[in-house]
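Novice: Read off the chains here:
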Amino acid sequence: MSTMLKIKNLHVTVAGNEILKGLDLELDAGEVHAIMGPNGAGKSTLGNVLAGREGYEVTQGEVIFNGKNLLELEPEERACEGVFLAFQYPVEIPGVNNTYFLRAALNAQRKHRGEEILDSVAFLRLVRQKLEVLHIGDELLHRAVNEGFSGGEKKRNEIFQMAVLEPTLAILDETDSGLDIDALKTVAEGVNRLRSKERGMIVVTHYQRLLDYIVPDKVHVLADGKLVATGGADLALKLEEQGYAWLADGGIASLDSDSAAQMANP
Amino acid sequence: MSGETSTIDKMVDQKYQHGFVTDIESDTIPPGLSEDVIRAISARKNEPQWLLDWRLEAYKHWLEMEQPDWAHLNIDAIDFQAISYFSAPKSDKDRPQSLDEVDPKLLETYDKLGVPLHERARLAGVAVDAVFDSVSVGTTFKAELKKAGVIFCSFSEAVEDHPELVQKYLGTVVPQRDNFFAALNSAVFTDGSFVFIPKGVRCPMELSTYFRINAAETGQFERTLIVAEEGSHVSYLEGCTAPMRDENQLHAAVVELVALEDSNIKYSTVQNWYPGDENGLGGIYNFVTKRGDCRGARSRISWTQVETGSAITWKYPSCILRGDDSVGEFYSVALTNNFQQADTGTKMIHIGRNTRSKIISKGISAGHGQNAYRGLVRVTPRAKDARNYTQCDSMLIGKNCGAHTFPYIEVRNPTAKVEHEATTSRIGEDQLFYCLQRGISEEDAVSMIVDGFCKQVFKELPMEFAVEAKALLEVSLEGAVG
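Chains as they are written, first to last, in this note's numbering: chain A, 1 to 266; chain B, 267 to 748.
If you are wondering where the hints come from, they were derived from the structure by calculation, not from laboratory data.
Even glycine gets a Cβ: it sits at the ideal position worked out from N, Cα and C.
Treat the hints loosely; a few may be bogus.
[Stated by the list, open to error] DSS-like cross-link-like pairs, simulated, lysine-lysine; straight-line CA separation at most 30 Å:
hint: 1; chain 1: B; residue 1: K721; chain 2: A; residue 2: K111
hint: 2; chain 1: B; residue 1: K326; chain 2: B; residue 2: K412
hint: 3; chain 1: B; residue 1: K326; chain 2: B; residue 2: K311
hint: 4; chain 1: B; residue 1: K736; chain 2: A; residue 2: K111
[As the list claims (entries may be wrong)] Rough simulated footprint, nothing fancy, chain A against chain B, three-plus residues with beta-carbon under 8 Å:
hint: 5; region: 706-716
hint: 6; region: 725-736
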């Protein structure tokens, strides 16, 4: 396995406030990492800064993605290079057909990679395939992008887009927020089907319950702009039991990642 | 946001693509307006006495009127004496009998504009009555239309060949003294289109006219009259582009629609007059009076407009819902960029019982553009069970533009139902980022978002027009998001 994503000493400022304060993370192709942490720890900032959102200023550090300096690329170039962000709050675009939108996106990416543009027939064939794999119906195809979608539909649509765009690195930003348990299962199942040895995933979540369904290779705890602990899947359970409060006591912060992992996997 | 702004700027900075001037010797009356000028216009067109009298009466009214200033527009004073009121391509004196006889330079101009005149028109099934400056130069599909009994010709021809129809309907929807610009038009109009659909006839094709202002400092005063007799149907398309020019050009058209019992008129416009440059220099002043009269029961008039051009647009296509159960509709997209200003909307006057009207207005402002929706819904005491639905959405692109909404609602019958919805949004940074994150370029994202915003209106346009409208919006917006 090769290192796909290497984040070194990342400092990010939003509107003058430092949110990330020296974050280090390495992700190998094929791995799924979960990032957990209390509200305000900077979880969503990480996703946004990787995707290149305006207003997130990197003051220090670097991000190397498949050998490239990710921070030098425009947001659309990052997308074309295979970075996908599943939004916490997917955006509505009234009047723009979901299928049309997705085809425009896929073709922009294919063009970037020097691949042939898909016509609507070929595209629809691909879409049908993906829907089948994800076990979701085609009712979302005919509607405008996220317009009037329920919370669950919006998140399913994100996963569907991910399936069609086949990113190298997928960042799921609190994909579980606002979902009931059935919707959560559907979404998690979709994500699991998209796990592959070429693809890396970062699953950002506040709650452990998503990780009952998407079992990560590693769990990181993000607190006050840094990763303060790293462990296996069981670290999440520990957090669930004890809450994030014990981080503030310096409990886990003083542990190195190995011993944290040991704590979580006695 | 700086990246977005620069792309928007680039898009906004896009030059007017149809900016060129055809070098045709114009037979132009010297600038100025007086009774003599009106007599000269009338004489050159060999008009009957009644029409000259009608013009002179309008002129008398106009002299007593003042230019309205209630619109949300900044207008430099217009010197009406500096305008030339008649200009005809010289080679057109002997009117061409077919396109083969048309000045090749003119055809070249149409070619540059992509006007589907020859085979293109035939293939598209569109009849074109192209108005170049003030005189019609080519009308196609006459024969096919004739078979159906449809009259579609230039206004001048109609005056010659069907004077009784013109006299019967002219000025019955927009009277000479209706407003300052309508009075001016009534006095000096040079040409335009005339359509007559006889009883029970469904017009076999969409009727299309392309307008184009060409000779320098020539005001364009079009007059269009469409009459749909009982139970007839017609769809009329009006589209225009204008060449690059520095002087402000005045355009004051009048369009009158008459819909008799059970008839249906659909009037679609794509307006792309020269909007002025990026500093607000030049551009067309577009003061248009468009009104439809649903005279008969169950008649229907539908206006659809896509307004992207002109420095100033002042335009309120309206419906007088006189017949019981008649229906009026207004679908509009108005885009202002750079220093363009638009004050546009509609009037729905409910007079008949059970009349219905629908207004969908989409305003897009970019650059320093100012965009006002002004709409009147009036329900008169007789209009039992009248209904209106108004939806009025504004989109702002960038930080220096403005959107304004002036809805007027007057209801004098308690059974009326009038609904008004309005939204104003800024092209979301969120929407834009969402598109970018999926790999879509900023330009494509903006046009996609804007296109989506306008969808409700575009779907009312005939197919070819919808494609053109979408392209026009993209061109008009290039350089504009933030």
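Novice: With reference to the structure, classify each hint as holding or not holding.
Specialist: The hints, checked one at a time:
no. : hint               : verdict
1   : K721/B with K111/A : holds (27 Å)
2   : K326/B with K412/B : violated (38 Å)
3   : K326/B with K311/B : holds (21 Å)
4   : K736/B with K111/A : holds (23 Å)
5   : 706-716            : holds (count 6)
6   : 725-736            : violated (count 0)
Of the numbered hints given earlier, the model fails hints 2, 6; all others are met.
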